[in-house]
Amino acid sequence: MSSPPGTDADSTGDGDGGSRSDSDADAASRSLLPETRWQRDVVLILATLLGIYALFALIGLALDFDTNGILNVLRELTLFAAVYAMLVLALNLHWGYTGLFNIGVAGFMAVGVYTMAILTASPDATAPGFGLPLWVGIVGGMAMAALVGLVAALPALRLRADYLAIVTLGLSEIIRLTFQSMQFSNALEDALGVATNGGSGMNFPGTRNVVQYAFYRGGDRTSEPTVLGDALFGLGESFDVLPLVVLGWGYNVVLAIGVVAFYVLLVRIANSPFGRVLKAIREDELVAASLGKNTDLFKIKVFMLGCALMGLAGILWQGQAGYTSPHEFRPELTFYVFIALIIGGAGSNTGSVLGGLVFGTLLFQGPLYVPRLVAEGLSVAGVELGPPPNTFYDAALALGSLDPLPMLAYATAGTNVSYLRFVLLGVVLILVVQRRPEGLLGHRIETAAAVDLSNRSRTTATDGGSSNSSSGSTATNADPGSMPTNADPGSTPTDDRRDSTATTDERDPGSTDGDPDE
Amino acid sequence: MSEQAAEPATEVGDRTTAGGESNATDSPPPLRVTNLEKHFGGIAAVDGVSFDVHEGTLTGLIGPNGAGKSTAFDCITGVYAPDAGTVEFNGEDITGLEPFEICNRGLVRTFQIARELEKMTVLENLMLAPAGQRGEALWRSVTPIARRGVAAEERDLRERVWETLEFFEIDHLAEEYAGTLSGGQRKLLEMSRALMTDPDVVLLDEPLAGVNPSLEKKLLERIHDLREEGYTFLLVEHDMDVIMNHCERVIVMHQGTNLAAGTPEEITSNERVIDAYLGGEV
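If you're matching them up, the sequences are chains A and B in order.
Residue numbers for the first sequence follow the working numbering, beginning at 440 and rising by one.
Residue numbers for the second sequence follow the working numbering, beginning at 38 and rising by one.
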């Protein structure tokens with residue numbers, strides 16, 4: 440906490456500036472550009488992902504899974520990790536950056552997915568669609584999600600944050616119930632000849648077809664593989680990996696591209712004047728407006744963009760199965776995304792990805808493997824679990840009398856673990872909010888600018904050609920322009936600034952209120 | 038109203054022709070408030086105030102607490118839409134415009150209680166302010182080639198920001214979150230941030246409240262430097278010494294309307310002002 444990575448790096452650069460030649464200082468400064476930090480961040484993300492893979496591979500080995508089984512577990516984890524990473528990034532744009540409290544994430548996803556499904560589903564299907572190409576569906580789904588976002592945003596954005604929350608939550612439920620309604624489907628069929636099939640859900644080509652087309656001629660799994668498919672299937676075969684598993688991992692590549700695209704887009708927005716205005720709106724909208732920013736326009740733009748991204752994340756998620764139903768878009772989904780963002784750290788894009796990874800794998804999908812792991816462990820240890828108690832209360836009662844087995848039996852029986860997962864989520868959320876309210880990476884100073892703002896004096900040094908010290912030239916202000924130059928030269932010796940910058944970076948947060956004049 | 042707006046504002050906008058009140062007769066003053074009214078329920082917070090701010094001056098706005106000074110500021114800068122009356126800026130009627138439109142015309146304000154963008158660094162606070170940044174367009178921020186232009190503009194801006202920070206002697210705080218600054222430093226930050234919008238007229242709402250004497254001296258020096266460059270200031274202040282020693286003109290507000298206007302000497306000898314505000318002590 441005392442030295443977040445950003446300032447840490449900067450102060451190192453400042454400290455070295457005086458003792459190095461210009462070219463060295465310049466090189467050092469270039470290595471500190473924000474771009475370099477995300478290289479470090481990418482390593483962090485990949486390392487986390489590999490760690491999670493290793494953990495679940497071990498779990499798979501413990502459960503006597505074969506290679507295909509383990510790869511399938513990891514494939515499924517990757518799906519959730521990637522989808523949550525994308526959703527958290529989109530929500531980070533709304534909530535982390537702009538402070539827009541959107542609790543209708545699931546609804547905007549549903550709009551994206553259903554629009555895509557209606558546009559691309561075959562006209563002959565049970566729930567007929569327009570049979571348009573995949574890319575039309577994706578673009579259309581995103582556009583419709585953005586449009587619905589606009590409709591939600593226009594009245595609510597002019598009001599206080601709580602109203603946006605209520606409007607989005609209500610809208611998301613209206614959207615889900617609309618798609619669940621058979622009357623809606625029938626009306627749609629009468630008017631346009633397409634249907635959503637109410638609560639039974641609908642099939643549609645789905646984004647997985649991209650992979651099928653890449654791997655099979657004509658995109659049909661019964662036909663001949665393409666050159667790429669042939670090569671990869673052959674590679675898989677040499678490790679006894681089934682073509683179906685290879686195909687599944689092919690879709691992971693699509694998801695990975697999606698995450699990278701989301702991340703690059705969000706980082707660019709964050710490191711730009713646009714992102715700076717968003718942050719200002721989050722901090723104090725009146726100040727942003729008083730400094731000449733049309734805050735309503737910024738909010739509408741960012742809300743629409745975020746909704747489109749949520750729609751796209753939904754399309755990539757549901758497109759994996761090629762089937763969607765309204766039950767996938769319950770409000771819980773929205774709160775899962777919020778939990779993941781809180782864990783990762785609101786306002787940090789790298790934190791968002793990490794939060795999505797950790798949530799999607801360790802908290803959301805991981806617990807489902809626990810019952811089998813426990814059963815396996817117990818059978819190895821030769822412990823016999825009795826019949827599970829009927830209620831959590833009975834299990835807790837037994838736990839109170841120091842007998843853990845009934846609780847274990849309860850937790851591992853049937854689908855109980857998927858409900859106990861809520862307890863886990865609650866505990867994790869409480870721990871995070873208590874111990875680390877800023878999340879994994881929310882404490883970092885991620886400056887919203889397209890260039891390194893602290894780099895200024897070094898640039899001046901290079902321009903002025905002073906050879907020995909980068910700090911000495913700050914006093915020679917080049918061109919006043921419309922802004923005043925230092926009217927009182929010498930009042931701030933630049934070396935003082937350097938020193939004080941270095942010290943302010945290292946001091947404890949408590950001393951930050953000291954006014955040098957007092 | 039439209040005839041007034043049609044008058045050439047360019048001459049007035051050129052602030053290098055700084056002067057006192059002498060040239061104020063020909064062209065419209067930078068800021069003219071006419072019969073401004075703002076009611077909150079039954080309370081008339083501003084009740085028909087009228088005044089001019091002349092170009093290149095440091096004008097003081099004084100009055101007892103509750104006289105309507107801050108509300109008048111809010112009405113002028115678009116935070117509130119006034120119930121009646123007009124605000125003209127460089128001859129243009131700006132009554133009821135949005136705050137961002139008013140700021141972009143060159144009229145910027147600071148707040149009585151400094152409002153910092155706390156979880157943004159001092160550098161970010163200043164980088165935010167300049168108007169019409171190309172990178173504020175979403176597409177330019179994310180498209181690779183357009184982004185190069187954005188970065189170039191940011192580099193130029195960065196120079197101005199550092200110069201401004203040095204001018205206000207808060208450059209040692211550049212990397213800090215604005216939320217960690219002391220009260221006095223926040224006032225400096227707020228004023229430097231307002232100046233980054235490149236304004237013609239700056240409205241300062243009690244910039245010296247809660248500021249220690251040495252910092253107050255520094256702030257006033259900066260204001261004088263800037264005024265000599267041609268900036269126009271309207272300053273709400275309670276300290277009569279500051280008003281007497283630094284302002285060319287003083288406007289007195291009382292119970293939502295203007296009581297008097299003139300030089301500090303005229304004001305301090307005005308019977309009505311003494312009764313309403315100054316009391317017997319001056």
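Some hints could be false.
Claimed, not checked - If you want the footprint, here are the derived chain B segments under chain A, 3+ residues with CB under 8 angstroms:
{"id": "1", "region": "145 to 157"}
{"id": "2", "region": "169 to 176"}
{"id": "3", "region": "207 to 218"}
What the hints contain is simulated information worked out from the structure, not anything from laboratory work.
All of these numbers come straight from a predicted model, not from anything done at the bench.
All C-beta atoms, glycine included, are put in the ideal place defined by N, C-alpha and C.
Test coverage of the region 169 to 176 of chain B by chain A using CB-CB distances below 8 angstroms; three residues minimum. With 6 residues close enough to chain A, the hint holds.
Given that the region 207 to 218 of chain B was listed as covered by chain A, double-check it with a C-beta distance under 8 angstroms for 3 or more residues. Since three or more residues must qualify, the claim that chain A covers the region 207 to 218 of chain B holds, with 9 doing so at under 8 angstroms.
State whether the coverage of the region 145 to 157 of chain B by chain A holds or is violated, taking the criterion as 3 or more residues with Cβ-Cβ distances under 8 angstroms. holds (count 9)
Of the numbered hints listed earlier, not one is contradicted by the structure.
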